[in-house]
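Chemist: Here's the letter readout for the chains.
Protein chains: 2
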Amino acid sequence: MTAPVYAKIAVIGCGLIGSSVIHAARASGAVGEVAVADASEAARARIVELGFADRVTADPAEAVRDADLVVFAVPVMAMGEAARAAAPGMKPGATVTDVGSVKAAVGEALAAALPESCFIIPGHPIAGTEQSGPDAGFAELFQNRWVILTPQARDDEPYADALQRLSDFWSALGSNVELMDDRHHDLVLAVTSHLPHLIAYNIVGTAADLEGVTRGEVMKYSAGGFRDFTRIAASDPTMWRDVFLSNKDAVLEVLGRFTEDLQALSRAIRWGEGDKLFELFSRTREIRRGIIAAGQESAEPNFGRDHRAPADPDTNAQQS
Amino acid sequence: MTAPVYAKIAVIGCGLIGSSVIHAARASGAVGEVAVADASEAARARIVELGFADRVTADPAEAVRDADLVVFAVPVMAMGEAARAAAPGMKPGATVTDVGSVKAAVGEALAAALPESCFIIPGHPIAGTEQSGPDAGFAELFQNRWVILTPQARDDEPYADALQRLSDFWSALGSNVELMDDRHHDLVLAVTSHLPHLIAYNIVGTAADLEGVTRGEVMKYSAGGFRDFTRIAASDPTMWRDVFLSNKDAVLEVLGRFTEDLQALSRAIRWGEGDKLFELFSRTREIRRGIIAAGQESAEPNFGRDHRAPADPDTNAQQS
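Line by line, the protein sequences give chains A and B.
As numbered in our numbering, residues 1 to 320 make up the first sequence, in order.
As numbered in our numbering, residues 1 to 320 make up the second sequence, in order.
Hints should not be assumed to be uniformly reliable.
[As the list claims (entries may be wrong)] To give an idea of the interface, some chain A residues facing chain B are shown, with a C-beta separation under 10 Å as derived from the structure:
(1) Ala136
(2) Phe138
(3) Glu178
(4) Pro196
(5) Phe229
(6) Leu252
In short, the hints are calculated from the structure, not lab data.
C-beta atoms are modelled at their ideal positions from N, C-alpha and C, and glycine is treated no differently.
One chain only, chain A, in its complex shape (with noise of 0.2 Å):
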């Protein structure tokens, strides 16, 4: 194991993300120590009996002291409240990021509450499960996972030394770094992630309330294909609210245009205009072919959650 690339961190907020960025950090060895501070009380309890911290406080200004890196991991909403909260205990120099589902937004409270003497480089790793909490991380979550970092527009030297050390952090916990305009940001994980969730908990809410079919009809058959989407809409509803909320505008563009598409979609149904129903649903399978050969999902069939079918793709023949 080499050197720590940070000798102290301090973790603000200790969730799903925020608890997995300590452990991947300590399997790692690119830490020395870390300090969380959560405002749950039950939260901070779980901390000290699972033991991952050597500091758990409620006071965001007590972890941050003498912390070469702050990652601020609560949800988007609150990073500015606690930026400002941790802001008269940061060390001059010292690194903050944060884990935020939004950038642009996130970067301006961080600009906003924080001394010019930290060096701010917003943060955002596509990688998450449905659940919640400080007992929900593991150390491998971000392995193989892409971590996007959006820098200030600054050039200075130290700026950029503190980027590359960042980096290097990211890199040691098994992530690919990639660095983007965080605009683009908020527009890409709009696609990627913001309406995926939407459309998740939509559908949901829409089974659930349904009159003609009863709640236990939609649970018991689920596995027609409902159930996949129960598994994002059981995400953290505090995290998600605050994201739609943050990145509104490009939430609603793309929102726009998945309801212009489906609404070609009924009128192709209701006219029976097979060859068009035909052609999205052969170019879309093409699509899982290369998320899968990118190497972010898995090729079992149903994502391997039955432990028991083929494993290859490639060996279908063509349906009779």
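Chain A is fixed; fit chain B onto it per the hints.
Modeler: Only chain B this time, still in chain A's reference frame:
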């Protein structure tokens, strides 16, 4: 192993479901001899190689000769033609079922095509993967999954006996059997299966066509949620085209409700109504818990696709 439920079965159309029926029937000892008819020469050659059928032919009438149970497992709009082709060979008093995802239209097509001496009991196993073809099948596919049978409106004793025997067959394959009115089936499945597929196909299409975000970016950052949708959007295009065209009314009805709910959600985002979002996002979590409790879904985070995360969702502490 007890005596086979049927001495001989014929499976017409040997894709994922047809081949899984054969594997499961053989593994459970529910069947003696198995004949297969498939219209695809490539599929037939592969079935012979795989060696799971006693007889393989292109001609449904030949396959069904002497069969006590005939299982039609072709796309739903091909059922009528397959049944017409099989009719001349059909044994008097044979039981006929199918595995199609739509029941009213298929029930009518089978009844119109087959001799009156057959006991027609349309059926639908709520099980599958995103894969297709005779290589995709496996014996455990129906374990602990529901099979819905939609018997005809007749109450004679021979029909009741045939129904009991078909139920025993599916039970032997590991399934739970439920009887249902065919129209109700088509509405329930429109919610739990057809709408989810339509939405998944649509979002993958939208993402693929969006200007401003490349397909490479969509694939690269798909672990944010999008990748989940690509699984069912990789399902067989012919099968799904037929489902939407054959269950048009129910699909358009639930799609109308979905769209209405989505407009309300869109409006809540536009006007910053965080409470409405939070309320929905909290409710949807419960539905997944119900599905897991009903044994229809893996409790592991990320469907267990990572094979790394902790398995107990009840240990989640509160999000900070």
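Chemist: Hints first: check each against the structure and report whether it holds.
Modeler: Hints and how they fare:
no. : hint   : verdict
1   : Ala136 : holds, 6 Å
2   : Phe138 : holds, 5 Å
3   : Glu178 : holds, 8 Å
4   : Pro196 : holds, 4 Å
5   : Phe229 : holds, 6 Å
6   : Leu252 : holds, 6 Å
Comparing the model with each earlier hint shows no violations; every hint is respected.
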